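Participant: Position chain A against the provided structure of chain C, taking the given hints into account.
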Amino acid sequence: MPSPPIRRFPIAVVLAACLALTGSFPAVAGATRHINYSRDIRPILSNSCYKCHGPDEHERKAGLRLDTKAGAIGKLESGEAAITPGSSVKSAIFQRLTSHDPDVKMPPPESGKSVSAEQIGLIKEWIDQGAEFHPHWSFVPPRHFPASPIKTPTAASNPIDRFIISRLEDEGLQPSPTSDKTTLVRRVTLDLTGLPPTIGEVDAFLADTSPNAYEKLVDRLLASPQYGEQMTRDWLDAARYGDTHGLHLDNERSIWPYRDWLIRSFNSNEPFDQFAVEQLAGDLLPNATIDQRVATGFSRCNITTGEGGAIDEEFYVRYAVDRVQTTGTVFLGLTLGCCVCHDHKFDPITQKDFYRLFGYFGSLTEQPMDRNAFLPPPAIRTGPAADSGKIDRLKGDVAAADSAIRKALKAFRYQEPVVDARIVTTGSGAAAPRPDELRSRSLKAWEASVAKDKSSLPRNVARALEIPSQKRSSRQANVVRDYFVEHVYAGSRSIFDPLHAKRDAARRRLDEAEQDSPSTLVMQDTPKMRDIFVLVRGAYDRKGEKVLPGVPAAIAPALRADAPLNRLSLARWIVDARNPLTARVIVNRFWQHYFGTGIVKTAEDFGAQGEWPTHPELLDWLATELEESGWNVKRIQRLIVTSATYRQSSHVSAALAQRDPENRLLARGPRFRMDAEMVRDTALAVSGLLVTNLGGKSVKPYQPSGLWEAIGYSGSNTVHFVQDKGDALYRRSLYTFWKRTSPPPSLTTFDAPSREECVVRRGRTNTPLQALVLMNDEQYVEAARQLAERMMREGGKTVADRIALGFRLATSRQPTQEEIRVFQTLYTAQSAAYARNRQAAAKLLGVGESPHDPKWDPCELAAWTMVANVMLNLDETVTKG
Amino acid sequence: MNPVREQIERLTRRYFFGRTATGIGTVALASLLDDRVMGGLTAEPSVGGVLGRPQIRATAKRVIYLSMNGAPSQLETFDYKPKLTELFDSDLPDSVRMGQRITTMTSGQKRLPIAPSVFKFGRHGQGGAWVSELLPHTAKIVDDLAILRSVNTDAINHDPACTFVFTGAQQPGRPSMGAWVSYGLGSLNGNLPTFVVLHSTWSSKRDAQAVFSRLWGSGFLPSKYQGVALRSSGDPVLYLSNPPGVDSDSRRRMLDALAELNQKELATVGDPEINTRIAQYEMAYRMQTSVPELTNLSTEPKHILDMYGPDVHIPGTVASNCLLARRLAERDVRFIQIFQRGWDHHGNLPTDMRLQCRDIDQPCAALVKDLKQRGMLDDTLVIWGGEFGRTVYCQGNLTREDYGRDHHPRCFSMWMAGGGVKPGIVYGETDDFSYNIVRDPVHVHDLNATVLHCLGINHERLTYRFQGRDFRLTDVHGNVVRGLLA
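Chains as they are written, first to last, in my numbering: chain C, 365 to 1245; chain A, 31 to 516.
In isolation and in its complexed conformation, chain C is listed as follows:
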């Protein structure tokens, strides 16, 4: 191959070209270099040409395929060659791109696609340089690149930095200095635990002058239980976790033990390959433990329906499609959804590949119609009582008690007393007993007494009572009589009261045991595999070719030929060392967690349409580190947060903001608004309200009334929101009950997704509705009041000291004199205002369910509450900087 001529590209041109295409970041500025096919050319071809000249053979026009070298340089139907390496003049593609004749021009005007002059220039250069083709970068296994040589090795703390600094040097940029210690302890504590550091933790770190003080801090945080909660939070979005079915009635369902399993797994540093295999196929592992089966909840988090009239087969297909797509996005960074209907237009995955993957999820014991049930099978019991048979025994006790009641009812002979009809129905008259006495003595009297309001009665009893007694069927008559005898009749209390007591006690024991041993949805295959077909255009009722489960061979070689055709084989293929995607996709998401943007910005798409990595060699290095360390997750987190890159100051100079507004080159530390849950958890932590219990059933903290009623089906068991009390109001936000058709508004306002489908990259908006939440949501107003009390209680006597305490709690740092002055001014004005209006103060203090200490003057406390309200609204408080 002739050596390519080297051209100099003005950076502006390359930048414009790349941005216009996929938003990819240019590799090297100003330096002489040759055109890189994967980075510079493929995105243009993929975006503008592959639709008709790409992998999808059904859509291919003129027999031209531009995604492979053979296709691009081969003879066309017309006899020409689209690309003649080394000669743009002899390449039909170049002629077509530059033509002004609408019949000849490519892409055709009606396609809505266009290729800019700069892009055409790049293509010309690339062809003239020999038109080199490479496979798409992410389908080539990662290499363990040695860290780049750099001019200032002292700036590096670990190999990560050498990759980052090397690129900065190429760009003529300098890394930023290390952050001050206060910023650092705040940043890393927020990142690893989702909570701000306490003042004690800040002080301890400031006081620790040992050279490895920071590493010690990181190790402490990685060992804290809150680390697992913080890592789980991201994973819940990916797994589309919710506490309701998500479709139609959107009833509650029980899958939170899976959420708790995630927390335990992250905290115990379960190797990632095992973590992945258990979620995808824990049920198929030999002698699967309960935990391994709970893990398969990953594939049961999808939305399901029980809507009357829905067609089973249609939803059977939808669920399997969702599971394939989610698996593809979460572990492989592939957008497999395209292949439901046709071959992928950009990546080498065929529709048949898709349905082979579908096959792994196609033979479940699950019924497509979930019956709106709390535990649509397959589900298992977890916890201490799961194995021992204790639950069954207790259920037996309840059943026995119920049956004793039924037996007693059957044996009981009820005789209506002979009373004057007038007295019975009106309860008046001289000789009549008192009405309440009468109603427990006479069925008729009781019936009359409940005629107006039957709301407290069981439905079947109320319904039977609607019918005039002489028209009731014998069954309805019995329903009424039995209810009366069992619950009302004075003459049978001595029989039924003890029976009820016995049954209630049995139920209580069962409830307690069940609370200790919650059930959760899991995966389970049918003994016999279902036949799987390619579905024509993705339609559930248009079966095409029959296929067997299998993996897309273009991504990575299949496992042994004799591997079983089940999810376990898929899971093992996903974490196999030869799979080029999984480790990259995972470390990229970890990176995104810390820096706000992944090395590949499109964390959900590593295919041809995804963005080119800013630091490809670093990504590969991290991926191979992860694999070679035995998929040690905590080790990777530690590597990232102990890098000098992570520890840089996040101050943004005007020049740097202009040069790299998104901070993709990392010449400064990360700074961005915290995720929804962190914003709320911070307010709870700062105010001292936070309850740090780990795990358990989801909770319902404050939310404005009427939200569920406004949208819910009246028959749904989540149509009415019943707010919890006490500790449940102050749990971490990852435990907030997630109703998917109306998710918690204070969290979605800060970009939490609805969890109806898999999300691996959240948006990060900045809106007036967020301001309203932080200013006015009961949760935040209450937190401000508690923070105010804390300032008064713990902050000392002077106003300035109290302000300093609150400010430190919220932002981790000491306020400046100027800042204290601003708060003082506000405090003075608010004190005066509340002194004039004591009622207003009392009202403000009444917000939220936690009590306030009566020893404080209400006006003073209210004024401090407004000061605290500012503190919780500071940009700095809601930002990780």
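Calculated from the structure, these hints are not laboratory results. Certain hints may be false.
[Claimed, not checked] In silico PhoX-like links for lysine-lysine, alpha-carbon gap of 25 Å or less:
#1 K425/C <-> K716/C
#2 K1089/C <-> K1207/C
#3 K235/A <-> K818/C
#4 K415/C <-> K439/C
#5 K170/A <-> K332/A
#6 K235/A <-> K816/C
#7 K759/C <-> K771/C
#8 K716/C <-> K433/C
#9 K545/C <-> K402/A
[To be verified] What the simulated footprint calls covered on chain C by chain A, stretch by stretch (three residues with Cβ under 8 Å from a Cβ of chain A suffice, anywhere in the stretch; the number is not a length):
#10 638-646
#11 655-665
#12 1004-1016
#13 1032-1045
#14 1098-1111
#15 1182-1192
[Stated by the list, open to error] What follows is a set of in silico ranges between Cβ atoms, one per label pair, in the way DEER data are often shown:
#16 L385/A <-> S820/C: 27 to 33 Å
#17 L385/A <-> I831/C: 54 to 60 Å
#18 R469/A <-> E474/C: 26 to 32 Å
#19 I831/C <-> Q139/A: 33 to 39 Å
#20 P1025/C <-> S263/A: 42 to 48 Å
#21 D119/A <-> R839/C: 30 to 36 Å
#22 P322/A <-> G672/C: 37 to 43 Å
#23 K774/C <-> D121/A: 44 to 50 Å
#24 A815/C <-> T429/A: 30 to 36 Å
#25 S263/A <-> Q1203/C: 20 to 26 Å
Predicted model only: the values in this text are computed from it and were never measured. We put the CB at the ideal spot given by N, CA and C, even for glycine.
Facilitator: Frame of chain C; chain A shown alone:
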């Protein structure tokens, strides 16, 4: 978001703030949200839309979508089928059904007996459009409406069908129509959300199909494009009101302190995002005034209130929401979506239809008239309809007076008015059974393409790159229905 656009927005914002960073809060903020600041980027005086100048001539600036959730029967409203009277209780001919799928609610029935409508129809307006007696007020405005009798959809159950109508896909995850419009065209009003949703009460049986926040959600678009529900009780916008004991003066003082502190932080760390946050707090403060002003209907004169009917005095009714929609439209809110539930009539249809139609007839007609008398119908597109139609055959027991109808995705009726839609026409036709379309079908994708067209958007060009693919409201389908355009 389109990366180039994203870049430009960032740069512009920074440029703007770079010049005003010395000034405190309010002045700078007021003008950030002023239409003109970013006016150079778009032909229209709007803020934040990704589309530059309109791709096609826009005939509508805003949309009011009256969504009748649960699927009103076309056979009781606009699709008059006189021949059915003689066919009472006879079986739906196989030649009509042609083996089409039916839901599992009626697929088990032994028979599919024809249920003629119990309601009378009359011809109205200059074009003599057939309208049922249930809609006397609507009948009076048919000359302003384009009645569509040939709308059809892919979905046969409520959840997927609603999701399909509003997002172009049956599966959750895509942006809603209003979000697409906000994303494409941006805001015309700096004091109110661009996309507003109103939920209404209903009069038929309490069991009504649900709606889902995804119907006004932003899907994979940035969440700022999602619809904001204006509520009829409690805060009209969530968290709008100051807490008890905090008056507007206190809030102002709090915000001044906050802005000053955030400015100091900006001076120290230089992150332009801080400036945006300061601006958003000011917008929130302005909303605290502008929203209550908007929702206060007491300033409306009596003759206007009377137009909408007696329910207008009850917050949350369709009547009250229709008037609110007009007020939102006057304030140039882009996309207004009114939901009313209670239209799923599998049984007891005649009784429930009477109740539901009474809820909506006068207010919807009044809305059109009111817009017209203000000259606003010219650039406001009003749409009325449900998520699918109902079957000509009866579900459950059939009598002359009482019957039910199952889901029918193959044809249903809607109407559109204003915003460049041809007035006084009836578009499309179904067979004698209102089962199949025989002329001018309008698929949901076609309808949505037409709505975008009226707004000056080429539905094939308003796209968003997500997971490597350019998504759009109409997926890969949809044709603008030229016959509906004036």
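Participant: Below or equal to 25 Å on CA atoms is what counts here, so check K1089/C against K1207/C.
Facilitator: 20 Å, holds
Participant: Is the Cα-Cα distance between K545/C and K402/A 25 Å or less?
Facilitator: The given pair, whose Cα atoms are some 65 Å apart, is violated under the 25 Å limit.
Participant: Given the hint of 26 to 32 Å, check if R469/A and E474/C actually sit that far apart at their C-beta atoms.
Facilitator: Holds, at about 28 Å.
Participant: Are L385/A and I831/C spaced within 54 to 60 Å by their CB atoms?
Facilitator: 26 Å, violated
Participant: For K235/A and K816/C, compute the direct alpha-carbon distance and say whether it is at most 25 Å.
Facilitator: 21 Å, holds
Participant: Examine the segment 638-646 of chain C: at least three residues should have C-beta closer than 8 Å to a C-beta of chain A.
Facilitator: violated (count 0)
Participant: How does the Cβ-Cβ distance of L385/A and S820/C compare with 27 to 33 Å: does it lie in that range?
Facilitator: About 29 Å separates the Cβ atoms of L385/A and S820/C, which means 27 to 33 Å holds.
Participant: Assess, step by step, whether the Cα of K170/A is no farther than 25 Å from the Cα of K332/A, and give holds or violated.
Facilitator: 21 Å, holds
Participant: Could you see if the CB distance from P1025/C to S263/A stays within 42 to 48 Å?
Facilitator: Check passed, 43 Å falls within 42 to 48 Å.
Participant: Hinted pair, alpha-carbon criterion (25 Å max): K415/C, K439/C. Please report holds or violated.
Facilitator: 20 Å, holds
Participant: Verify the CB-CB distance for P322/A and G672/C against the hinted window 37 to 43 Å.
Facilitator: 41 Å, holds
Participant: At least three residues with a C-beta closer than 8 Å to a C-beta of chain A: is that true for the segment 1004-1016 of chain C?
Facilitator: Since three or more residues must qualify, the claim that chain A covers the segment 1004-1016 of chain C holds, with 3 doing so at under 8 Å.
In terms of the numbered hints stated before, the structure departs from hints 9, 10, 11, 17, 19, listed from lowest to highest.
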